[in-house]
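The task is simple: from the sequences and hints, build the whole structure.
In the order they appear, the protein sequences are chains R and X.
So for the first sequence, the numbering used here puts the first residue at 1; every next one is plus one.
So for the second sequence, the numbering used here puts the first residue at 1; every next one is plus one.
Simulated from the structure, these hints should not be mistaken for laboratory data.
As the structure is a prediction and not an experimental result, all values here were calculated from the model.
A virtual CB, placed ideally from N, CA and C, is assigned to each residue, including glycine.
Please note that a few of the clues may not be correct.
Reference excerpt, derived from the structure (chain R facing chain X, CB under 8 Å, subset only) [claimed, not checked]: (1) Q47; (2) D82; (3) W128; (4) W214; (5) P293; (6) K323; (7) R325; (8) F329.
Residues per chain, in single letters:
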Amino acid sequence: MSHKVIVPIGPYHPLLEEPELFQLHVEGEKVVDIDIIIGYSHRGIEQLAETKHLDQVPFLVERICGICSSSHPYTYVLAVEDILGGEYKIVPERALYIRTIIDELQRIHSHLLWLGLAGHFIGYNTVWMWAWKYREPVLDMFEMITGNRNNYAMFKVGGVRRDIKDEDVPILKKALDDLLPAIDMFRGAVMDDPVIHARLKGVGILTKQQCIDWCVVGPTARASGINIDVRRDEPYGACDRIDWKVIIEKDGDIFAKTVIRILEMYESIRMIRQCLDKMPRGEIDAKVPDIPPGEGIGRVEAPRGECFHYIKTDGTNRPVRLKVRAPSFMNVASDKVGAVGGTISDATITLAAVDPCYCCTERVAVINKPDNKKILNGWDLIKLSQEKTRKLREGLEK
Amino acid sequence: MKENIKESLGSRILDWQEKSIRRIYFTVKKEEIVETVKILFKELGLRFVTASGTDTPQAFEIIYHFSFDKAGEFYSVRVLLEDKNNPQVDSIAPLFPGAEWIEREIWEMLGIKFIGHPNLKRLLLADDWPQGDYPLRHKEG
Chain R
1 MSHKVIVPIG PYHPLLEEPE LFQLHVEGEK VVDIDIIIGY SHRGIEQLAE
51 TKHLDQVPFL VERICGICSS SHPYTYVLAV EDILGGEYKI VPERALYIRT
101 IIDELQRIHS HLLWLGLAGH FIGYNTVWMW AWKYREPVLD MFEMITGNRN
151 NYAMFKVGGV RRDIKDEDVP ILKKALDDLL PAIDMFRGAV MDDPVIHARL
201 KGVGILTKQQ CIDWCVVGPT ARASGINIDV RRDEPYGACD RIDWKVIIEK
251 DGDIFAKTVI RILEMYESIR MIRQCLDKMP RGEIDAKVPD IPPGEGIGRV
301 EAPRGECFHY IKTDGTNRPV RLKVRAPSFM NVASDKVGAV GGTISDATIT
351 LAAVDPCYCC TERVAVINKP DNKKILNGWD LIKLSQEKTR KLREGLEK
Chain X
1 MKENIKESLG SRILDWQEKS IRRIYFTVKK EEIVETVKIL FKELGLRFVT
51 ASGTDTPQAF EIIYHFSFDK AGEFYSVRVL LEDKNNPQVD SIAPLFPGAE
101 WIEREIWEML GIKFIGHPNL KRLLLADDWP QGDYPLRHKE G
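Structure, rendered in structure tokens:
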């Protein structure tokens, strides 16, 4: 007789920023269905934006996410600039390069953060510590350029708020050079480790068709062979002035998603280096005329995928409507197909693989429905995941 | 792609506006939205990005945003729901699951009913938020 058990994952996690509740329906070890319940951190930012000046909104949307905190203001200013005829029409050349530097630095720190958490979930706690250690110099670079480690307040309509000083450029380049061996190490750790291959390959697969139907974006889509990247498809900042490539994988499993994120860090470093070299001198912001009534759309490739803002103005200094769609809105929904069919010990890493602002495992509890007895808590579930890796490793060593 | 869309949709397109080379807006009748989305998404292979609902003085306006990534073109399909007391439109979620969440969000935020949605329940608002109070509707006065 099959015995169905519901495993709630969430909703609160003290480590990361976004509470979500996943209810896994399991039969034995197998996940047969999943309910995703979100909304715990809904703060009404779209409505709040209607009460702010157009110049205040970047500060507001910057606080949507603490990890990709430059993507939202960048997307927003692109949407406003779209009403005025586009970024390339009004923003000075130097500001375009500074915008891309900030955007790519953020991608490196976000991918390192994900890599660390992914390592933790599958029992590689050293990877977790190292990844976060090497994320630290990236935050230092942010502090040097913007004065802040997070929430940089760099973007404004018409340009950026702060310049990069000439004397800082060699220090930034040195920091990037120092980062390369660390990423080499992570690449080696993932590509050459048979345990990671056994643990991540063929797990949590999203097929190409599923990606299309669920409209997923970013590394989650690129891992399944979907060739999309806003930076190339609709260039912004200095993305079309420098040389870089879009990383595509075919398998759609968690291994492919990991590889994509690691290789993207190399590309980001290349992009920042070129920007630092090619950045022309000049103004960093332009005088912006009054914003006329109209509609604008901004798109940015955030670390998790395409970030989208739609703004409608009526000629006053406040937006009539600001629609924000973060990449996780599409990606988290696709967990429904990614996790179902897998085992419960793969669930944490599968749910984490789309890199949602993931935050729930700490409060996981497995409850046996008939007698409501709690049999596993959140830490137990992570342990279950780590245990599987340990057993695999032992099996391989024999 | 612009020509393809014009050809496939024909007289369904009511108001074609090219605000720039990459930004195309057009309006269709609300009765024809499911058929339009089906052509754009299934036949022409555009990627559904999201939908946005706006409360305007004359009508509720839903814009379905599609991206044609190969050319970096962005198509926004507008639908106007003039009956402000009882706004409803056919759901596109049965066509593909990626539209489920956003329709739930528009329903709870603006009170627009999506007919035929497989699972029209609250997505973001708390369970104890008062029924019939829609945060993104513009209140009078």
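A quick look at each hint next to the structure:
Satisfaction of the interface hint for Q47/R is found here, the shortest Cβ-Cβ separation to chain X being roughly 5 Å, below the 8 Å cut-off. The interface hint given for D82/R holds, since its Cβ lies 7 Å from the closest Cβ of chain X, which is under the 8 Å cut-off. A least Cβ separation of about 31 Å between W128/R and chain X goes past the 8 Å threshold, and the interface hint is therefore violated. Restraint check, W214/R versus chain X: the minimum CB separation of about 5 Å is within 8 Å; hint holds.
Hint on P293/R is violated. Least Cβ distance to chain X is approximately 12 Å, over the 8 Å limit. Interface hint at K323/R: satisfied, since its Cβ lies 4 Å from the closest Cβ of chain X, which is below the 8 Å cut-off. The beta carbon of R325/R is positioned within 8 Å of a beta carbon in chain X (closest approach about 4 Å), and the interface hint is therefore held. At a threshold of 8 Å, the smallest CB-CB gap from F329/R to chain X is about 7 Å, leaving the interface hint in force.
In this structure, the earlier hints numbered 3 and 5 are contradicted, and the remaining ones agree with it.
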